[in-house]
Amino acid sequence: MNAPCRRPLVAAVALCLLGASLPAAAQQPPTADGQQDGRSATTLDSVQVTGTRIRKAEIESQTPVQTLTREDIDRTGLTSVGDILQELTGSGSALNTKFNSSGNFGFSPNGDGVGAGSSQVDLRNLGAKRVLVLVDGVRWVNESSASGVGATTDLNTIPLALVERIDVLEDGASSLYGSDAIAGVVNIITRRDFDGGQVTLNYGQYGKGDGTQKGLDLAWGMNTERSNFFIGASRVEQDPIYASTREQSRFPTPGTGLTFGSSGTPRGRFILIDPNTGAELDLTPNQGDNDPFYDPAQTGCDRTDGFHCFATADRFNFAEYNMLLTPSTRTGVFGQYRFYFNDRVQAYAKVLANRRESVNQAAPEPLFLGADAGTGNAIADGMFVSAANPYNPFGFDLVSVDDPNTPQNDINLVMIGRRPVEGGPRVYEQNVDTRYFAAGLEGRLDAGDRSWFWDANFSTAKNEARQTNYGSYDIRNIAIALGDPAVCAATPGCVPLNVFGGPGTLTPDMLAWIQPVVRDRSEQTLDVFSANISGDLAELWAGPLSFAAGAEHRRYEGSYQPDALTVAGFYNGVPSLPTSGDYNVSEAYLELNVPLLKPDTFGKSLELSLAGRYSDYSTFGSQFTPKYGLRWQVADELLLRATYAEGFRAPSIGELFGSASRADLQISDPCLIGLDGSAPQGNPANCAALGVPTGAVQANSQISVTTGGNRDLEPETARSFTTGLVFSPGIASGASWSDRLDLELTYYRHSLEGAVQAIDAQTQLDLCVQTLDPLYCDGITRSSIGGINSFSNRLTNLGSIKTDGWDANLFWSLPETAAGRFKLSWQNTLVTRYEAVGAAGQVQPRAVGIEVNDSAIPDWTSTARLDWRRDQWNVSWSVRHISELKEDCGDAVAFAVCSHPADGTNTLPATTYNDLQVGYRFDWQQGLQLTAGVNNLADKDPPICLSCSLNGYDASAYDIPGGRYFYLRADLRF
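According to the numbering used here, the sequence shown is numbered sequentially starting from -18.
What the hints contain is simulated information worked out from the structure, not anything from laboratory work. Glycine included, each C-beta is placed from N, C-alpha and C at the ideal position. Be aware that a few hints might be false.
[Claimed, not checked] The calculated BS3-like cross-link candidates involving lysine-lysine, where the alpha carbons are at most 25 Å apart (straight line), are: (1) 921 - 189; (2) 783 - 867; (3) 867 - 921; (4) 195 - 921.
[What the hints assert, rightly or not] Between beta-carbon pairs, the in silico distance windows are: (5) 591 - 220: 47 to 55 Å; (6) 595 - 429: 29 to 37 Å; (7) 771 - 391: 17 to 25 Å; (8) 466 - 890: 57 to 65 Å; (9) 301 - 771: 26 to 34 Å; (10) 732 - 852: 48 to 56 Å; (11) 569 - 523: 24 to 32 Å.
Produce the complete structure using the sequences and hints provided.
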């Protein structure tokens, strides 16, 4: 953090960048004639590409596939597969290491668990669980983070060092690959043909001297006449960045001070009713008074005893304990061996072992006790504090549960909010071990002048996670220590607890009694058996009829086992229960490519592709998904294409079998006075009908919501349509001013029915207050003083999600001259519609141009890259653009930071980032490449987000505040 510590790196990078100001080239573009720049034509007849199972080169341009080569990957300066994919223009909001999840969000209402430390990818804004991730064409195991049973893939389990290229298909592909391939497919191709060794060193640091990242990659391969062998190892260490080091993230909501801070404070907040006077009190001890005196005669806020009325200035700033960038260490080893029995049959084996060690941190855990605590824990919400407790200054019992045997309402304890800073922050340490093994046979059958390609494969993978949680509390032991002192004295280890004094009054003995170490674990396994065959069936009037067929069997197992303390209901943190389940699926598919017209009849060629997949699930039955495509090569310069696909996604283990757990969501209760003192927005008569008394105040910005699985879930079904063109004008090919120019335009449309997710909690609450309809109000209960004390928001088959938009891309290569060679790419995604509607017609808040629930759907995202090479030098410059967004200001509407208070909205202005990289290659050994770069060259801060849960910005869409990042890389091949 000190400037002298960062000067060597900054100076080194700046020196390498001096005089350079040109950016990077994009991935290899598709061309109108179906060829890929730089790819060997002699092997295309046996290459299988993502988006088809048929091993034919001509199919390559039938679907919109983006390919990130190893060169493209290195050009980003990033060291995580997930971080690279999240920079694609078609990528949506997904978890990454900028999300400090544990302790802040609870369990996802979408059944995905917490996913702490994981990195995921979302395509077309349809959610990460609707993207299928393959490794070498084989499905990868779902994530495990010891916090539920997730439905997505953790890309941090795949070391970047083993990646040769990444293919991204942004189209529905369930007919080819099965469930989950609704928004698209990511196929990670590993290194195989590698001769010699490689050592790569990475070092990076943010401009403020923090967030240091170090990496070491080792690779070695050997090719012989009958075999090839590759082994690689990788280690990446990422240091943390704390929210307190950036102005934008220092407070819960930027520009609002402590208004949205927590009412769980180190000095404590005590909302109660004095049974002797009937006075309704909201008190906190005076600063520095660790043994406050209570005077019952002082019934208002004009006090001379040891208390004063709780106010905004007394709220606790939990934000400064959070992380902007979570630390992690990823260590992986990968090996692959391939043996050629002859030129027709080969065998392969692959093995991977990867460990992720990551940490999340949150502010010291608050104790919310009493009738309006709203934790969902019966012990906390029903807390009893004895008048005989030696630290109770009030002199009477504090009671949270009404005694039905008495005529009066016995409840006098509304809420205690005490944050034991003595116990330190909550720290969540995850260890995730990934094990993968695959083996198979591949071959070629020759029948006359035709060749058929076949393969048989087996793979098994397991993600096993352990999470250790420090800084949480045992609510049962707290209840014993606050209750009858005689009971506490008779309980071994118990000492009376002081929640009434200020910070420092919790002694080591008290902490030893109430603060355990909590250990959770989870695992997911996937076994896959598959066999495929592909080739030409017959010669038709217009060319060969090509096909691919195959069968696959998969078995899934998943489990989550929280600590015994949590299972017993004694954990003060986010409650959850064990989850376990398994299912299997058997599938068969057929794909055909039918030539319709002879060459030069109506263009060069016209081909029809047909595909269908039959899936039989042990959980819900069978499903058939078809796909149809047309590819019309009008001329060498122009390709037209279109696809229509039906797809589905089977509910995951967590979605089906997930037990009740809790999510802590940013919700504004329309029946309560806001945290900023604003009047309730709900219908007064309806709020009264719901049991909310006049003057009730919302205590905290987060409301606890119960989430969980649903065994009655049905599969999601989808329809996808894409159409587009690739135009490579001949006038720009081989000309003095242009070597090649490719223009690509694609329209996409996705329609999803029965989406597995929970109705937006804020929408559910608003509709409950507006309509009093049991459809929305059932499951929402309130305490006697009006606050929500339970909120059921379980998974269901939601109504529909519909989205459409355009991809428009340009790739231009200039001829080499004395000044060097330039390449330009410009990729754009424009989202024209996104509509999510609940089963009963409830319009969900996500929409184009809107920021909500820590996710954004920009109407335009763009990446432009320029690459220059001359001799040993290369320079790259990238420009990343995110269009303007709007959000609801919520209770922050009265603050200047809300840009449009009249309509209660805030504008997140368009944001543009510039990245620069310079490299030089030395002819030593087989090549030494030295590279220096800086991402976010102008140190552009993200737009302030008022509705985001953490750190004042959307971590899925933008770089961190103070996000200028310098890096150096040395790559030696020998």
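- If any of the earlier hints don't hold here, list their numbers in rising order. none
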